[in-house]
Amino acid sequence: MQGVSKLQRFLFSSVTLRILSITTTLFGISIFVFLVLRVIPGNTITGSFGIETGMLTPGQIAELRHYYGIDQSLILQYFSWMKSFLSGQFGYSFSTGVSVMKLTKSALPVTIELALIGTILGVIMGIAIGMFSARKPGSFRDFGGQLFGLLALAIPGFVLSTAIVTIMANVFRYFPNGFEYMTPWENPWVNFQQMMFPGLVLGIAVAAPIMRTTRSALLETVDKDFVRTAHGKGVSPRKVQLRHVLRNSLIPIVTMTGIQFGYLLGGAVIVEKIFALPGMGRQVLDAITKREYATVQSSVMIFAIMFVTINVCTDLIYRKIDPRIK
Amino acid sequence: MNLRKKIAVMGVSAALVAGVAFVAPAQAASKDLVIGITLDIDKLDPQGATSFATVRALGLVYGSLVEVGPKLDIRAGLATSWSFNSTGTQLRLHLRKNVKFQDGSAFDATDVKASIERILDPANKAAARSNLLTIKSVTVVDKYTVNLDLTIPNVAILAALDGVNIAMLSSDDIKAGNVGKTVNGTGPFKFVSWEPGQSVKLVKNPTYWGSAVKLDTVTFRVIPSESSVLSALNAGSVQFAVITDPLIAKQVGSNLKKYKTPALAYMALQLNAKKAPMDNINVRLAIQCAIDRAEVVKTAQSGEGTVIGPITSPAYRSDPNDRPCPKADIAKAKAYLATAGYPNGLTIKSMVAPTQFATASAVAQSLKAQLAKAGITLDLEIVDDSTFISRWLAADFVTSIANNGGRIDPDTMYTRYFTSTGNLNKVAGYSSATLDALFAKGKSNGNVTQRRAAYKAISEELENNAVWIWLFSPYEYRVTSTKLTGFIPLATGSLLELRKADLK
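Residue numbers (this note's numbering), protein chains in the order written: chain A, 28 to 353; chain B, 9 to 512.
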């Protein structure tokens, strides 16, 4: 009986359930992406040959279907790709002639770096402006903070990106992204310059929801008894703000940051395009245009895995912030 | 402001100034040309190249038998001279001597035979195969002479021998199955590397048969947005770009050089005459009469384009006014609609891919507004590129707004569309015995005057039946640094003349 109880405990433990839930989610995503790509018109042949597909004979098209592996049944195609994905090759990119793993190896660090910079800048700006606003709700400074939040939400990233690129190039003759992309290991100074503006654009987009979340959370916490007690004990206002109010408001801020970071990993397509950064966003966009199934499927799976990982990390941070959460 | 704050502000300001003031990476050496491209190349097989980026990049590495010059004249390439027999069924080509492939092997008649036979072999999926289908056999006469025997008289085939899709490959590479894996041409530049999604690097070919190439290297760098490409040109990180968006082209300042060339490509409202209501000639004529092409150019293209008829090949160009409705005539359009049985107007669908060309959406909106005046509602179906191509090839549309490539010879431009056996006839949606006969007449005769008569008749047949609504030809803009000299733009879109360019 004791053995069964241990098994039950294991089966229904939060970790096991979490792993099960993650696996099911990822499996669902893999099926969804796989099917969506095949439902939309076009295939790898039209993606590769464009209108010249019309010049191909039926025999040539049959050969190409075989070459691209799209003459197989959907089930075979799915398992063939999944096998390749799990083996770490992620499938094959026909247009570039290399494995999707090789493409991802160079594109993923760019996107992660960009998302990290964007998130760090966003968190710094968002929390600072949120605190600044919440200090005196309804005041002019609060109006200013909220105006920033509204503008940052309202101005699309592509407009801000294009404006920065155009102004910097036309006025200062400065556009570091026009040069060959450099990784931080190849040339950290050039990399910094190439990441500075796209990071700022993404940071502003991330800062807006974080600012609004911070402001709301702080205003909710500031009326709590322990804050009044701290004030009553003569703790300085700055210490009360940082140690008592901000710390106890962190959970919604961390949640929002996690969501935004996950969003940036997959949503920086336009910024990557305008700033000519060879990241995952561009990889997926190009692959969708060319109907390179394996590249799109594997890239989306990588995004999904990262998103799930970030969620798990966010949960772990909750426990650190608030020991009451188990 | 206390001291701490002052230091912080100064630190931030210094960092910003430093970021702006310091030139980013090492500036390119003076003879290294960087070309900004919005799309990456997609393959290394020149005979299978279809995207503009691939055609332009590989066009600098490979050579073809003939070349199209700046005045769209056919001139010597790897063939120095040629002649047709009296019946126009055999073309004899005399080849250039002392030409070497980039691997050091010599170019001769066996390479020509192997290259053309590779194009004709359906297994190789060559993009230009349909243009060479009248070649019955290729015979090596001697080391530097080749005969092309044709199934029918076809003088138009000479123009079909230009371009990267007819690239001359090494027979050894073909035998070894290396084409598309290694790059080995006879062009002015040698292939160095391809970093997918980032760049293609070329270096000058010291053994090129033409005059010595002045540029040391050419790098095609992928910058996916045209406005960013222009920024890179302004900042000096890129020295050359092809711009297609007229609005971006208008922003080019005096710090750069802009070459504006009328393109052979054309925009058309394709009508699928195999589908109702486009199978009714009066509906098609009503659409023709309702559209003011000059207005489309003015509103959608900011005036940057030329109103055209069907044929854009310079020697055979159609008169754009030679059609039932040379100017917009709403009353006539309504009369045609009434005759067609739609006195109260009708709704037609139109497929458009906004990413197919820069002003596609604007052209669609302009047409929609104009057709509405005649009681025709244009219901726009917005789709992505790949969907557009897939549906277009399946003729799964009633009308579509298309950006089609032009050719210097009308035979290669339209045989595939408007002859009953053409590969794209299903897409064109129209063929007739008259058109078949006229196309056969056009290609059988070497006399330009007689050919002109045939293509004028073809143009009239297409316009009188309102097969499609030909709208305008855009311009191609090559924008370069003022330091680039000696470059001559070609209307074919080829960048081959970079072989004569220099960076001062």
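If you are wondering where the hints come from, they were derived from the structure by calculation, not from laboratory data.
Note that beta-carbon positions come from the ideal geometry of N, C-alpha and C, so glycine has one too.
Any given hint could turn out to be false.
Said to hold, decoys possible - Listed below are the simulated EDC-like cross-link pairs for lysine to aspartate or glutamate, each with C-alpha atoms no more than 20 Å apart in a straight line: (1) Lys132/A with Glu203/B; (2) Lys129/A with Glu389/B; (3) Lys282/B with Glu203/B.
To be verified - In silico negatives: residues of chain A with every beta carbon more than 12 Å from chain B: (4) Ile46; (5) Leu47; (6) Phe112; (7) Ser120; (8) Phe175; (9) Leu177; (10) Leu178; (11) Asn197; (12) Asn204; (13) Leu246; (14) His271; (15) Phe302; (16) Leu304; (17) Asp349.
To be verified - Chain A stretches covered by chain B per the calculated footprint, using a threshold of three residues with CB under 8 Å from any CB of chain B: (18) 65–75; (19) 85–93; (20) 158–172; (21) 306–319.
Check each numbered hint from earlier against the structure, then list the numbers of those it violates in ascending order. Hints 2, 3, 7, 11, 12, 15, 16, 20 not satisfied by this model.
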